[in-house]
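Using the sequences provided together with the hints, build the complete structure.
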Amino acid sequence: MIPVEFDYKKAISVEEALEALSSGDSKLLAGGYSLIPAMKLRLNQPSMLIDIGGIASLKGIEEEDGQIIIKAGTTHNDILNNDLIKTHLPFFHEAASMIGDVQVRNRGTIGGSLAHADPAADWPALVLVAEATIDVVGTGGKRNIKAADFFTGLFTTALAENEIITAIRIPIPANGSRMVYLKFENPASRFAVVGCAVLRSSDKKTTIAFTGVADYAFRDTAAEQVVSGKILDTNTIADAMNAAVYGVNVLSDNFASEDYRRHLAKVYLKRALQAIA
Amino acid sequence: MSTMNGMVGKSVKRVEDKRFVTGKGKYTDDIILPLQTYAYFVRSPYAHARIVNVDTGAAIDMPGVLAIYTGKDVEAINGVPCGWQVNFKNGDTMKEPKHPLLVADKVRHVGDAVAMVVAQTREQAKDAAQMVMVDYEELPVVVNAAEAVKPGAPQVHADVPNNICYDWELGNSKAEVDQAMLEAAHITSLEFVNQRMIANAIEPRSYNAFYDEANEKYTLYTSTQDPHLIRLLMSAFVLGIPEHKVRVIGPDVGGGFGSKGDHYAEEALLTWASQKVGRPIKWTAERSESFVSDAQGRDHVTKAEMGFDKEGKILALRVKTYANQGAYLGTFGPAVPTYLYGTLMQGLYTTPKINVDVTGVFTNTTVVDAYRGAGRPEATYLLERLIDLAALEMGMDPADIRFKNFVPPFDGTNQPGYQTQVALLYDSGNYEGVLRKGLSMLGYDDFRKKQQEATRNGKLLGVGFSTYIEACGLAPSAVAGALGARAGLYEMGQVRVQPTGKVTIYTGTHAHGQGHETTFAQVVADRLGIPMADIEIVHGDSDSMAFGMGTYGSRSLAVGGSAIVKSIDKVIEKGKKIAAHKLEANAGDMEFANGKFTVKGTDKSISFGDVALTAYVPHVYPADLEPGLDFTSFYDPTNFTYPFGCHIAVVEVDKETGKVELKRFIAVDDVGNIINPMIVEGQIHGGVAQGIGQALFEGAEFDSNGQLTNASYMDYCMPRADDLPMFETTNQVTPCPHNPLGAKGAGEAGTIGATPAVVNAVIDALWSGGHKVKDIRMPLTSERVWRAMQASVN
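Chains C and W, in that order, give the protein sequences. Each residue of the first sequence is one higher than the one before, counting from 1 in UniProt numbering. Each residue of the second sequence is one higher than the one before, counting from 1 in UniProt numbering.
No lab work stands behind these hints, which were simulated from the structure alone. Quick caveat, the model's predicted, so the values are computed rather than measured. Heads up, the beta-carbon is just placed ideally off N, CA and C, and yes, glycines get one too. Among these hints, one or two may not hold up.
Claimed, not checked - Chain W side only, calculated, beta carbon under 7 Å to chain C, not exhaustive:
#1 Thr657
#2 Glu701
#3 Asn710
#4 Glu783
As the list claims (entries may be wrong) - Simulated crosslink set (DSBU-like; lysine-lysine; CA at most 30 Å straight-line):
#5 C:Lys266 x W:Lys459
#6 C:Lys270 x W:Lys303
#7 C:Lys270 x W:Lys655
#8 W:Lys604 x W:Lys502
#9 W:Lys404 x W:Lys95
#10 W:Lys450 x C:Lys270
#11 C:Lys40 x W:Lys24
#12 W:Lys566 x W:Lys582
#13 C:Lys266 x W:Lys655
#14 W:Lys459 x C:Lys270
#15 W:Lys89 x W:Lys72
#16 W:Lys72 x W:Lys106
#17 W:Lys404 x W:Lys663
#18 C:Lys266 x W:Lys774
#19 C:Lys266 x W:Lys772
#20 C:Lys230 x W:Lys655
#21 W:Lys276 x W:Lys303
#22 W:Lys772 x C:Lys270
#23 W:Lys663 x C:Lys270
#24 C:Lys266 x W:Lys659
#25 W:Lys26 x C:Lys40
#26 W:Lys772 x W:Lys310
#27 W:Lys600 x W:Lys502
#28 C:Lys40 x W:Lys106
#29 W:Lys245 x W:Lys98
#30 C:Lys40 x C:Lys59
#31 C:Lys266 x W:Lys663
If you want it as structure tokens, here you go:
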């Protein structure tokens, strides 16, 4: 319950946060709903916390050039209640409603969640199927990372140590697109045992991603190939189930073994495809 | 029960909730004493290891550190005692190895305390504790009770061969039961585990101890269910300090569930060290510590067989249980799987031959002790699983098979109590009544039609029954003593009428969520005919109350409430003498009603308040009467009380994922007379949620190294509101014939009844789809249910 002693700095701008980040063993604090528990258990012992929760330029949701831009410091609750999201990305709205509880949604941020890269977090599956890009800034300047390149391992991302996520850019799906996120929750943590996101355009181009299944969220290209361009009938869905999660190192824990989790992933893919068929 | 002034049977809002819901409750951790210091414990990361060396050198120089104590410092002090003795079948006393305040030789479970650091602040104490260097030499580990008794298993205590604490049996002889089984047309047999549970009270354990040198007096604030018991055990059995020089206070306590009934080593250690350090010392468990150091519950490995004739009448019951006691004995540890378990094997049924055989076993796990229901849920789970399974196996209806076997109704007054084969004498019951009521609430015939329709639509819908009985109102002292209790189990109730007619009640029971301040005040208001606002209920301070045995075993109202009633009767009797004197009448002609003493057949009366004032200003007063109006009574019940009921669960199982959805939960509970229906309903709701938790969500998972692998809420699943349907609850009332309130107790009914109902419903759902599954290990996680379906032929 008691973390080791640490220094605390509240940054008022991204520049100030970057400057602080370059010195010593420091960590960024956004919502804190992953970092603080880890610090209280002394699993994480940074010497300084840089609080970016008060930086105004990191908050908000905008529409720009056919994209929805979610600033990194936007809370899950703000995403849940945003009209642009409800209109253009209804599955982001659904996913936000499934994250934690009210307290978590009020504090936790999308940028914090992506940077933390919990293997069972919800957002990674959604940014993958939506083919989002992650805007980051570091002392060396700005860059954009494709969601597909962002997740690289268990709690590991393409983010460099001195970089901060500033925004997530999501192309607005074409008219007539269908999208869904289904989640089988761990009953204790309410994190995804299996989360399956699917986005399908009216010309049947389909992207599929899983979270909770492996060390990090991934696009299931084999299953995508089965269903893209095809009518979602019973046979196609069965073929997609067969193709899904192929060659993936599936996680195993107290609640769900590897076999069961693999089975659940296929069942949830079926249900997701049925939901948008 | 008949009410005297309309205050009994009324859902009065809980008076204590004002302070709880406004954050003004005062818990042990809220108490900060002058010159407060803080303790932190160094606990073993291993389940079984020899301690080679403890090096405190670096830690003692850390900032703020005042003292560090290790096992060597407390070797001369007794360990924490066990309050209940269970004998071996051959008459030998149970094995009772020392449970030291701090371990010196070897650690026996993860979380075993090795050292205590005392520092100026909590943070300093924790930082320094991390600098205490302990060299361990790991030893082989045993966690499963049935494995621990096998030859060659690791030995938890050198002087306890085969880790067997006791072996014990109750009921008819094995030979008689074996003979009856031979005559059975059908035997239902089940091998199963009643899993380890963690109490998870919302308030972690917390203690604050100080020594007043000038008065040579110790004070301990403790998050306990039984302050007087802690004082007695700690002063007389552990520290050898004079009992009258120890004050134990249990302030507001945030949930106990049995786990705060124990006398813990940390309580004694802080009290002892507060004198050495010369400053008050406080310790509050971190949640991770609670998971490994609070007494846990259940953990049985059982084989049970129930024999039936061809009509479904039970002929015999045979039970063999290995009960995991953990690494040491808890305060009530050995009583739970014996006298609170074996004695309930009659259930509601007329089973003529019963033998229950229990082996109590030490393992490299946290201490196991009472957990809401304590023994009775384990017995009920066994019986109710067997009888539902028997109905499935024999193609009978689960309600019909129960009606065939119920003990017929008896009120315990006109009809005698029911003598069981397993020592207890049931007080009163109408068992078929609760099942009939439950079936009607369920709409049973309609349900079976829906189930058939669901089967046709490829769905798995199931119903599960549980008709339970429990022994509450612990306990008649002589009976408890004969069964091995090392204490009496009576209760104290003091009624102090103040000169202005206001009333202060001192009770030896202890409220940690139950609402005693409301229920007890209702009883007093009803009997004295005064407003509830004129009554205060005080509990939890050994210097304020004459004595007390605390709260557990659904005893507070039945035993503690009865003690208060005894004192009220004495107040009224003395009041009559005072009133008679003032009204120039005979005491024998006085009657008391509606808060007034009246001369029978006249309109001459005097109010309760006037009598109170006269008692303390005795100017016009009977010559042979003492002033004052203040009585203390001890009530020792003549029998246990026996609440019973019928719980019914309806579930749907997802065929593809195994996920169980609880659709309905019906609870018909007969807890005797009810003082506050809302509080009873609240107790049932909480208990049912906890019982459902055991069936579907909760359970400690120790790996083979003795590590608790789900020691946080990220992994240990507590039931939440959105996991549960709206409960459908009602009551039947069969008064307790042997206590003045007619109350039986309601605190544990939910956990006792609910668990088997839910599991039976899942099994029924699977059978409806052709999966003839006998058992699924609790908690019934989706994977376990899915695997059970995979493994059974559809």
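Here is what the structure says about each hint:
1. Thr657: Status holds, d = 6 Å.
2. Glu701: holds, 6 Å
3. Asn710: For Asn710 of chain W, the interface hint holds, since the closest Cβ of chain C sits about 6 Å away, which is under 7 Å.
4. Glu783: Glu783 of chain W check passes; min Cβ-Cβ to chain C is 4 Å, inside 7 Å.
5. C:Lys266 x W:Lys459: holds, 20 Å
6. C:Lys270 x W:Lys303: violated, 41 Å
7. C:Lys270 x W:Lys655: holds, 14 Å
8. W:Lys604 x W:Lys502: holds, 23 Å
9. W:Lys404 x W:Lys95: violated, 42 Å
10. W:Lys450 x C:Lys270: holds, 27 Å
11. C:Lys40 x W:Lys24: Answer holds: Lys40 of chain C to Lys24 of chain W is near 26 Å, not above 30 Å.
12. W:Lys566 x W:Lys582: holds, 25 Å
13. C:Lys266 x W:Lys655: The given pair, whose Cα atoms are some 14 Å apart, holds under the 30 Å limit.
14. W:Lys459 x C:Lys270: holds, 18 Å
15. W:Lys89 x W:Lys72: Violated, because 36 Å separates the two Cα atoms, which is more than 30 Å.
16. W:Lys72 x W:Lys106: Answer holds: Lys72 of chain W to Lys106 of chain W is near 12 Å, not above 30 Å.
17. W:Lys404 x W:Lys663: holds, 28 Å
18. C:Lys266 x W:Lys774: Satisfied, since the Cα-Cα distance of roughly 28 Å is no more than 30 Å.
19. C:Lys266 x W:Lys772: holds, 26 Å
20. C:Lys230 x W:Lys655: Holds, at roughly 28 Å.
21. W:Lys276 x W:Lys303: Status violated; Cα separation ~51 Å.
22. W:Lys772 x C:Lys270: holds, 28 Å
23. W:Lys663 x C:Lys270: holds, 25 Å
24. C:Lys266 x W:Lys659: holds, 15 Å
25. W:Lys26 x C:Lys40: This hinted pair holds, its Cα atoms lying about 25 Å apart.
26. W:Lys772 x W:Lys310: holds, 21 Å
27. W:Lys600 x W:Lys502: Status holds; Cα separation ~25 Å.
28. C:Lys40 x W:Lys106: holds, 29 Å
29. W:Lys245 x W:Lys98: holds, 25 Å
30. C:Lys40 x C:Lys59: holds, 27 Å
31. C:Lys266 x W:Lys663: holds, 26 Å
Hint check: violations occur at hints 6, 9, 15, 21; the rest are consistent with the structure.
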